[in-house]
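S.K.: Each chain, written out:
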Amino acid sequence: MRDRRSWHGLLLLAPALLTLGALTLYPTVWVLWLSLQRRVPIFDVHRFEGIGNYAFLATDPRFWKAAQVTVLFTIASVALEAVGGVLTALALRGQRWGSRVALSLLLLAWALPSVVTAKLFEWLYNPAVGLINFVLGGLPLNWLGDPRLALPGLILADVWRTMPFVTLLCYARLLAIPAEIYEAAQLDGAGAVATLTRVTLPLLRRILLIAVLFRTLDAVRSFDLMFVLTGGGPAGTTETLTVYAYRSLFQAVQLGLGSAVGVVVFALVMLTAWAYLRALRSEGIVA
Amino acid sequence: MKLCRSACWLTLVIGLVLIVAACAAPPDGQGPVTLVLKHAKILGPVDPIPRLLAQFEAEHPGIRVKAEVLPWTSDEQRQFLVINLEGGRPGFDVMMLDCIWVPEFARAGWLLDMTPRLARDELADDFPAAVEAGTWDQRTWALPWFMNVGLLYYRADLLRRYHFDPPATHAEMLEQIRVIRAGERNSKLEGYLWQGKQYEGLVVNVLEGLWAAGTSLLDEHDRVFPDAGRAEAVLRELRQLIDTGASPAWVTAADEESTRRPFGNGEAIFLRSWPYAADLFERSGSPVQGKVGLAPLPRDDPRRPAPGSTGGAHLAVTRQTRHPAEAFALARFLTSAPAQRAMTASGATKPTIMSLYHDPELVRLSPSLPRIHDLTLAGRSRPVTPYYVMISTTLQPELSAALVGVKTPERSVVDSRRRLDFFLRGLRE
Amino acid sequence: MRPVSPLGRLRDGLVLVGFALYATPFLWQLLTAFKPEAELMVLPPLLPTRLTWEHFRAVLDQSVMLRALVNSLGVGAITTALALAFGLFGAYGLTRYPIPGKGLLLLLVVGGTAFPQIATVSPLYLLLRALGLRDTWLALILANTSFALPLVIWLLTGFLQEVPAQLEEAAAVDGASRPRAFRWIVLPLLAPGLASAALLTFLFSWNEFLFAYTFTATEASRTVPVALALFPGVFEVPWGDIAAASMLASVPPVVLVIMLQRYLVRGLLGGALRE
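Chains as they are written, first to last, in my numbering: chain R, 1 to 287; chain G, 1 to 429; chain U, 1 to 275.
None of these hints come from the bench; they were simulated from the model. The beta carbon of each residue, even a glycine, is placed where N, CA and C say it ideally should be. A few of these clues could be false.
Said to hold, decoys possible - The following residues of chain R were derived to be distant from chain G, with all beta-carbon distances above 10 Å:
1) SER6
2) TYR26
3) TRP30
4) PHE43
5) VAL45
6) GLU49
7) GLN68
8) PRO127
9) ARG206
10) PHE250
11) GLN254
12) LEU277
Said to hold, decoys possible - The following label-pair restraints were derived from C-beta to C-beta distances:
13) R/PHE134 to U/LEU14: 51 to 61 Å
14) G/PRO367 to U/VAL42: 51 to 61 Å
15) R/ALA58 to G/GLN138: 38 to 48 Å
Unchecked claim - According to the in silico footprint, chain U covers these stretches of chain R (three or more CB under 8 Å from chain U):
16) 93-105
17) 165-173
18) 211-225
19) 229-237
20) 264-270
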């Protein structure tokens, strides 16, 4: 009986497993295999190379620059989103009316396709008639053309787009805190600041860590925004590992090298996820 | 049994979904012989293509031509073509190629060999550089369609005012800029505009600099920057143009259009660009009408010429086309002298057929045509190798980094060579 | 209920203004879409003298955007249906049946949500090319489904765990077969969870760019994000037209998110909070 039921279960799971197996697992193994090859479809080159691609990457300044940009982008984005998310969630929580409208205004940014956001900010950053330079008093800042400004500009766009996610999670958690806790804190004589730091923030900690986990993984894999907004320029100052991988794959058509960079991104994501989960587990958050 | 029912439902759902999805895929083309032509939008006041195609259809009953526009930038066009041709079923028959793509596409086996279909000396009246660009492995793979050459535009009125002739050397040009700007006392007047954005145009500008310095991009062994020292010097000079203010800082993000407009508004003394701009400057209402002169690019050494880079487009036929004869007829028609004349008259393109540059009607419409002819003849084509695009796209970020100051010229040259050695190593073994 | 003081109202109003300011980038693009061409490249003034539909007309006249909208809708709808169907059956199997190694399977599936698309795009490209599926809806549907499935399974597993198995057992005692119990008891209870999963999947599919950019070549299968990224310009970048196209591209996701906020929250929380 149990075996038959196991069979039934597997049968129900089969379509999903087959799809994932064919379209996710199999390509993952394949990309590893590709990364060990020299493969240039245009010129019919198809050879086993061993770790040649990785050896090249190890001493490739463009690769390390891309890694640096990825790390910088991730840390800055996630940090700003976390802080901003908590603040906006607290602001929302304190609303007596209009909170649904406020949340909708925030979710607007999150709902937009990343390409729309990229075009939006490209227009905002226009040196001559962009709104941002106008608001800054007419400074002719060349946001997307200046190697010092492009990355901050990109980070700003990404934070604008994804902070609402953190806000939403924190806000939902705040709503779930029973009023009695605050009443108890008030009875104990806690002021607003103390309530915030001793009561609210610790309760938010768990969801914040989970939100930061999700956001970090997303930021490391992020591609759309930087590709459409700056294309990785100027001079590679916004070229993350994903953009570098894509350019190697489909512009230089070096499938072997591009796959190697893709494998590195994959390893980075998995490593980050593993590290976070271990941290979360030790905090008793994850079973 | 109960499970069979569930399984049946599941299969039905999946089957339905897949059927709907398959039906939603685009249908194949149907009808009489329909050729698909992919071309980039032709800049200029009027689009000459529709009329030409109508004429072709009238002369060839039974053939319909569907023209589709390629994406806007050259990179996107190439990516589109590569992805489609590589996939094996391109869905188009005749395509417009930038001349630098022809050897690569030919080597990849995507183009129809035109050599057996061409009459002897059929291309004799085209510019040799154009014919050479369409040739690979001693066979012809594409027909020249229109021609470009890099040249120097200058404000003849300003130079005349200060008794200057068009500059022969870089040093002269810088001196002229200094004097004119000091004399005009117009802070908005820029000196020398050129294309420094991270794209093919940057490689062209650097290439012209390398040629002026007496070196080249590739040697006979396809080694890049054979003379590293001079390559670094060229990059340093370009950077200095910006540092000394001879060129504005925004040239590092400028392409053809973003440099043509300021010059056309009278805001610059010199501009390096392509022939298409000449007619735009002479349009009625243009602030610089009658004030623009054309000259060869300034050289470094008075004894050595500084050729402009030639460019342009070709028409090729895909190897997998189902109607090779008809497709070739279309390509031949569009690149013939009458068609090129129509395109030159109504568009902003310049022909590849040399005799057209002295055609009275065309010269009347565009008086600078003979001058452009001479400049084109003196021009030099970019390396005609299947690896050119790979080399160029690899160089672009490195050159841009040197220009913008993120890397030193030495570092850029070293990194470029290292990268290209790695890529080319696998290709030539 | 705390009394609402005038100061409180002021504070609420200010916060609301703050949130409205947050939406400024979007509102600026919305305004740009209606600004006449002549007034686009001049700033100040901020506001146009009149509003115009010319950009929308220009965008809709060229059939590319319209076709892209159709493609996105079709691909999105089918992806959602497929991901939901496979995901629901899979989640049901995982929660209600004693599948050997189900803990590991669930872990793998959940791990699948962390997959970087850039890693699988090259093999998928080769695979789709070999199958001759380039430039078809099916290619995008398959690619999108592969990435939406882990999330859907994860979500629905959570929601299913909240539906006690005893309900179905009670129905079995009453003589109802498993499928009947599923259809009439579990499914209605699961409806909010399904709505959340469907919303998230459709949003993901609509916004998806990397695969769409790589696997589509012509207007036949190009989706909205790709059409927007490849927006043609003749001499200069047509900012007004791009703004109009951006607005058209944003309507479905924005409308869905705002109207179905509740399900969005449930969906995001369902995934995040169950640890």
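S.K.: Taking the hints in turn, state whether each one holds.
M.R.: Okay, the hints, checked on the actual structure:
1. Distance check for R/SER6 against chain G: the nearest CB is about 12 Å away, which clears 10 Å, and the non-interface claim stands.
2. Listed as outside the interface, R/TYR26 is consistent with that label: its C-beta sits roughly 19 Å from the nearest C-beta of chain G, beyond the 10 Å cut-off.
3. Once the 10 Å rule is applied to beta carbons, R/TRP30 is consistent with being away from chain G; the minimum gap is 18 Å.
4. A cut-off of 10 Å between C-beta atoms contradicts the statement that R/PHE43 is not in contact with chain G; the least separation is 5 Å.
5. With a cut of 10 Å on Cβ distances, R/VAL45 falls inside the contact zone with chain G, its closest approach being about 6 Å.
6. Chain G draws R/GLU49 into its interface by the beta-carbon criterion, the shortest separation being 8 Å against a cut-off of 10 Å.
7. A cut-off of 10 Å between C-beta atoms confirms that R/GLN68 is not in contact with chain G; the least separation is 13 Å.
8. Interface exclusion of R/PRO127 from chain G breaks down, the closest Cβ pair being 8 Å apart, not more than 10 Å.
9. Chain G leaves R/ARG206 outside its interface by the beta-carbon criterion, the shortest separation being 38 Å against a cut-off of 10 Å.
10. Residue placement check: R/PHE250 does not keep its beta carbon more than 10 Å from all beta carbons of chain G (closest about 7 Å).
11. Distance check for R/GLN254 against chain G: the nearest CB is about 7 Å away, which does not clear 10 Å, and the non-interface claim fails.
12. For R/LEU277, the non-interface assignment is confirmed: its Cβ lies about 33 Å from the closest Cβ of chain G, beyond the 10 Å cut-off.
13. Hint check: R/PHE134 to U/LEU14, Cβ distance near 23 Å, so the stated range 51 to 61 Å is violated.
14. Between G/PRO367 and U/VAL42 the Cβ separation comes to about 35 Å, which falls outside the hinted range of 51 to 61 Å.
15. Judged by the Cβ atoms, the range 38 to 48 Å given for R/ALA58 and G/GLN138 holds: they are separated by roughly 42 Å.
16. Against chain U, the region 93-105 of chain R contributes 11 residues with a C-beta closer than 8 Å to a partner C-beta. That satisfies the three-residue criterion, and the hint holds.
17. Check result for the region 165-173 of chain R against chain U: holds, 5 residues qualifying (beta carbon to beta carbon below 8 Å, three or more required).
18. Counting residues of the region 211-225 of chain R whose beta carbon lies closer than 8 Å to any beta carbon of chain U gives 7, which meets the minimum of three for the stated coverage.
19. Here the region 229-237 of chain R counts 0 residues with a CB under 8 Å from a CB of chain U, which misses the bar of 3, and the coverage is violated.
20. Note: the region 264-270 of chain R has 4 residues with beta-carbon separation from chain U under 8 Å; the three-residue rule is met and the coverage holds.
Of the numbered hints stated above, those contradicted by the structure are hints 4, 5, 6, 8, 10, 11, 13, 14 and 19, listed in ascending order.
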